Structures are given as structure tokens and as C-alpha cells.
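2 protein chains.
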Amino acid sequence: MSCKKVLASEVAAPFRQELKQTIQEKGIRPKLVGFLANDDPAAVMYANWTAKTCAETGVEFELRKVDRNNLEECVVEANEDKSIHGIMVYYPVFGGNQDQYIQNVVSPRKDVESLCHQYRYNMYHNIRYLDPEESQKCIIPCTPLAVVKILEYVGVYNKILNYGDRLHGKTITVINRSEVVGRPLAALLANDGAKVFSVDVTGIQEFHRGQGLKLKKHEVFECDKTLEEVVALSDVVITGVPTKSYKLPTSLLKDGVVALNFSTFKNFEDDVTDKASIYIPSVGKVTVAMLERNLIRLYDYQTRA
Amino acid sequence: MSCKKVLASEVAAPFRQELKQTIQEKGIRPKLVGFLANDDPAAVMYANWTAKTCAETGVEFELRKVDRNNLEECVVEANEDKSIHGIMVYYPVFGGNQDQYIQNVVSPRKDVESLCHQYRYNMYHNIRYLDPEESQKCIIPCTPLAVVKILEYVGVYNKILNYGDRLHGKTITVINRSEVVGRPLAALLANDGAKVFSVDVTGIQEFHRGQGLKLKKHEVFECDKTLEEVVALSDVVITGVPTKSYKLPTSLLKDGVVALNFSTFKNFEDDVTDKASIYIPSVGKVTVAMLERNLIRLYDYQTRA
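So the sequences go chain by chain: W and E. Residue numbering for the first sequence follows the UniProt record's numbering, beginning at 1 and increasing consecutively. Residue numbering for the second sequence follows the UniProt record's numbering, beginning at 1 and increasing consecutively.
Everything labelled a hint here was simulated from the structure, so no lab data went into it. Don't take each hint at face value.
For chains that are exact copies, the list does not tell them apart, and a pair is met inside one copy or across any two.
[Claimed, not checked] When the alpha-carbon atoms are kept at most 30 angstroms apart in a straight line, the in silico DSS-like pairs for lysine-lysine are as follows:
| no. | residue 1 | residue 2 |
| --- | --- | --- |
| 1 | LYS82 | LYS216 |
| 2 | LYS247 | LYS275 |
| 3 | LYS216 | LYS65 |
| 4 | LYS4 | LYS20 |
| 5 | LYS214 | LYS65 |
| 6 | LYS82 | LYS217 |
| 7 | LYS65 | LYS20 |
| 8 | LYS65 | LYS225 |
| 9 | LYS137 | LYS216 |
| 10 | LYS225 | LYS20 |
| 11 | LYS65 | LYS217 |
| 12 | LYS225 | LYS170 |
| 13 | LYS82 | LYS214 |
| 14 | LYS266 | LYS82 |
| 15 | LYS247 | LYS5 |
Fair warning: this is a prediction, and the values are worked out from it, not measured in the lab.
The following block holds chain W by itself, in its conformation from the complex (with noise of 0.2 angstroms):
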């Protein structure tokens, strides 16, 4: 078999390694600051893995545990309290629009996850700098940019393309369609050059940005093919379904495709490797080494004259 497997710890190193450098020759101290305010177990264990992944780079990690009626205001304290330069909610904690409302709550100028309204405007709009004078790049969501560097990493991006459109020619489809993860990622393929189908459980969209890329922001296309027809189509396959019995048969994928899963379950057969020609099983050390990322630029925004 020819499939190369892929892991993510293996894309996050050279990345981790950078992160470590910048730290020290800077001579800095970022912290971060996790709210938990559920009882969810798994969301302990992510935090305490997330400490020592980030003290290994140089980061403090601190994991406050609140009521979530102080929620809000525990994450207004931190907003104002300069020792801290990023905030991150483990959600669920009141579940839907009420947890939106919080992820507003969060100051872009710590959001490290990116879910706050401005953050989340610029990347569906292709706007690619918080400032006219494009000094200061956008956050983007850690998983969907973890997703984007492990393209980058395995090829996917063609870099003899001008930046921004080095995924032209690419059809990808993308199963799941969350706000947090599988749309905001859809959009960012589609932004840079691919022809994407977003799938989820109430239909496939098409994003892209038309014939030759002459859009500069990708548009949404309702699309009446089928799971079957799509990804039959696609370069790129990424899974990210949150149930332990969802299988995408390997059947239906194209022989030589890369296949991508950044579920906390498995979404591919055992026998994807029989046909993938990249395979990547998941994502979740990328995405840390990401939110990292995203708090080294706000501690220099943060800091900047």
C-alpha cells in the first residue's frame, strides 16, 4: 500500500518548535486562561493536557473552574486584567444561543479561538488583516487553521500559486457543518481557491469563489448532489462527525484521495489506507499548537507601542 499516514504531532512540531524560540529569545511570558464552568470530564482532562503541551512551549496555562451564572463576569475580570493576554471558554456550558452570546463576551484582543463576531466577519469575507496598514494578520479558529496547515503541510496548497489562491482546482468536501468548525473551514478552503462541498445532515452547499476565481470571497451555492456524487468529486475528504458509529464507506472515495478526519472519532473505514494516498486520523495536536499560535500574536498585539 502506498497510503502515507500522517500525524499530527509530526505537522505540530516544527511549529511547536517555533513557538518555543519565539518565547525564549523574546524573553516573554504569555498566559492563558481556560473557564470551565461544566462538569464535563473530558473538558479536565483537555485542560490538563493543554497545561503541559503549553509549559513545555513556554506558555502558562491557568484552568479557573467558575459557577457558570459568574461565568460572564469572571470572563469580563479577565478581559481588563493585563497579567492575562488569552481567554478560552470550554463550551458547552449553558448550550446554543446563550454560549454564542458568551463567546462576545470574550475581548477580541484575547479571543485565541476566534469565535468572537469580528473575527468571525473577516474570515466568511476573506479579510485577511485587522488594520488598514495589514500590520496585524486575523485570528483564525484553531482547528479549521490546524486543518489548513496539515493541507499545507501534505501538499495540498500548491505553493507555486500566488498566496490566497493555492487551492485552486481543488474540489474538497467537508463533513460537518458546525459554526466552530465545519463552516468556518468550508469558507477558508473556498476563500483560498478550492471548490468545496459542505455537507451536514440538512443538505450540501456548495462554497467557492466561481469560475477562474473571479470572486474575491467565496458565495454559498445550494447543491442538489448527492454524499455519493460529491465525494466521488473530491481531492480532499475531511470528516469531522461526533458520533462513534459514523463510518464513510471507503467505497465511495476517489482512488488516490487524502483523506483528513478531525472527529474525536474515527470517520473512516480501517481500510481507508487501501485507497487514500495521505491519510490524516486527526488533528488535535495541531489545533494546540495553533491556539498557541494565536496567543503569541495577541500577547504582540497586545504589547505593541
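We have chain W already, so just place chain E on it with the hints.
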């Protein structure tokens, strides 16, 4: 029976008269645009009725039917269009979190429904002005505001108390804790001094400013009382359950209660008038008056020197 039934039209009348007079005296022509991006025939009917109601007071209302995948760009255009003073969207469009994203795309300067984060944050935090000079009052969401105006009209607000504290001593149950109506309403009433029991299927919460209103804004506390217990304690019971079959048993109500229903379905039993001192069966006409009132306020802010 001594129950006084108060119709929304009666409460709305003086507001409508005032709106008409302001528009005539100033010789202005405020314009509200409503975006319809779903196939909901009820929304079309409601929009036609809004147009008629607005026309009577001198407000121009234009319904724009758009494809949901173009909605965001159409809203961005309307944000920039100086001939438009207010923007509203008929939800649901995509449902869930993507709709909340769209709510934040509407410019705060034109957000007649007060669904953007800035206004919601101010409301929860009991911040009543947009500017430090206190020349621009915040915009409050229409249905919660309509309920406040009705409670003022029926004397639940006590004018002998200071502005901002006029519900001190009142206990109110609100059955509905949606992000669009129930939760903001509970917060508004608690910020005005009431002790509020906020009820939804996930449980009951208490919103209040503490003993003697020692807090400047409400806090939220989990509550282990049952619906039967909180309703029995309540001077005012407000229902907003969006299902036809739901009926709050009259037997639970305190004698002399003020009963107010903002659901499109009748949430009280027919015999509620046997027990209530005041019964308000619906709020829709006051809601539309508040929509126009918000529009006039935004028009004023937009056209100030």
C-alpha cells in the same frame, strides 16, 4: 368577576399616537427594511401587517425577499445604504448559531430588534446609555420592551420608586428562557428591581439584585423550587411557551395575579380571569409599536450632527 382584561391595542394606542406626531412634526420619513429569506407564509403575513401598521404612523416599510445564501451580503449593503434607517430579519433562516451570526452582521446603528451583541451586553449589564454623556438611550429588544411597557401601563411598575427600581418588592415568573425573549425579559425585570423566576424545560433560575437591591445589576442563581412553588409566590406570571397544547393551570396562580401571555398560543386556561386581577392575552401590537419606537430612536442617532 373583577378581572380586567387589557388588550395590546389599548396599550399601543398612545405610543402610536406619539410616533405619528413625532414623524409629522419633524417632517421625516424613516425607512425600515425587513429581509425575508425563508418560505414561511406566516412571516409574509406578519410583514404585510407590519407594513400597514407602519404606513399608518408614517414609517416606510419595505420587505425584501432574498435567497438565504445572499442574505448576509444584502444586509451588509443595507448597512451602508443611507436611505435605510432600520433593518430586521425574519428568523429562522438557517436556524441555530448561524442565525445568531447574521444578527451580528446587522449594524448596531440600524438594529431595530436589538439582537446585536453590543445591545444585548448592555441590557444584561443594566447599562442604559450608549454614550458616557447619556444622550443616547440603549435599544431594547421589542417584545421584552413591550412587556415592560404593558407592566408600566397596568401599574405593576410603581412610579413612587426611583426610576430603575420600580419593580422592587415584586415577584415575577417568566415561563420561557429563549435568547430572543425570555432571558432578556427576565434580566430587564430583575434589573428594574423584581425578583424573577425564569423557567424553561432545563430548570428554574432566579434573577435578582439581592436584598434591598444592593447590586447594580441582576445576578443569576440556580433555584431548586418547582414551577408550582414559584408560580404560587408570583405577583406577575408571564408565559411564552410556543406550543398550542401548553396551558398553565389556573389552580397554581396566586389570587389577584397579573397574568400576561406573549406566546402566539394561549398559554393560560380560559378560567384565568376567575383568579387574575389583570389579564393581558397578547402583546403583538405593542411589540410593533416598540419596533417603530426603536426605529425613530435610531433615525435620531443617525441624523444627529
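Here is how each hint holds up against the structure:
1. LYS82 x LYS216: Classified as between: cross-chain Cα gap 25 angstroms, same-chain 37 angstroms, threshold 30 angstroms.
2. LYS247 x LYS275: within (15 angstroms within a copy, 58 angstroms between copies)
3. LYS216 x LYS65: Classified as between; 25 angstroms across copies, 43 angstroms inside a copy.
4. LYS4 x LYS20: For LYS4 and LYS20, the Cα distance is within 30 angstroms only inside one copy (28 angstroms; across copies 72 angstroms).
5. LYS214 x LYS65: between (49 angstroms within a copy, 26 angstroms between copies)
6. LYS82 x LYS217: between (36 angstroms within a copy, 25 angstroms between copies)
7. LYS65 x LYS20: within (28 angstroms within a copy, 53 angstroms between copies)
8. LYS65 x LYS225: Close across copies (26 angstroms), not inside one copy (46 angstroms); limit 30 angstroms.
9. LYS137 x LYS216: within (18 angstroms within a copy, 39 angstroms between copies)
10. LYS225 x LYS20: neither (46 angstroms within a copy, 52 angstroms between copies)
11. LYS65 x LYS217: between (40 angstroms within a copy, 23 angstroms between copies)
12. LYS225 x LYS170: within (18 angstroms within a copy, 58 angstroms between copies)
13. LYS82 x LYS214: between (44 angstroms within a copy, 29 angstroms between copies)
14. LYS266 x LYS82: neither (41 angstroms within a copy, 52 angstroms between copies)
15. LYS247 x LYS5: within (18 angstroms within a copy, 59 angstroms between copies)
Hint compliance for this structure: hints 10 and 14 are not met, and every other hint is.
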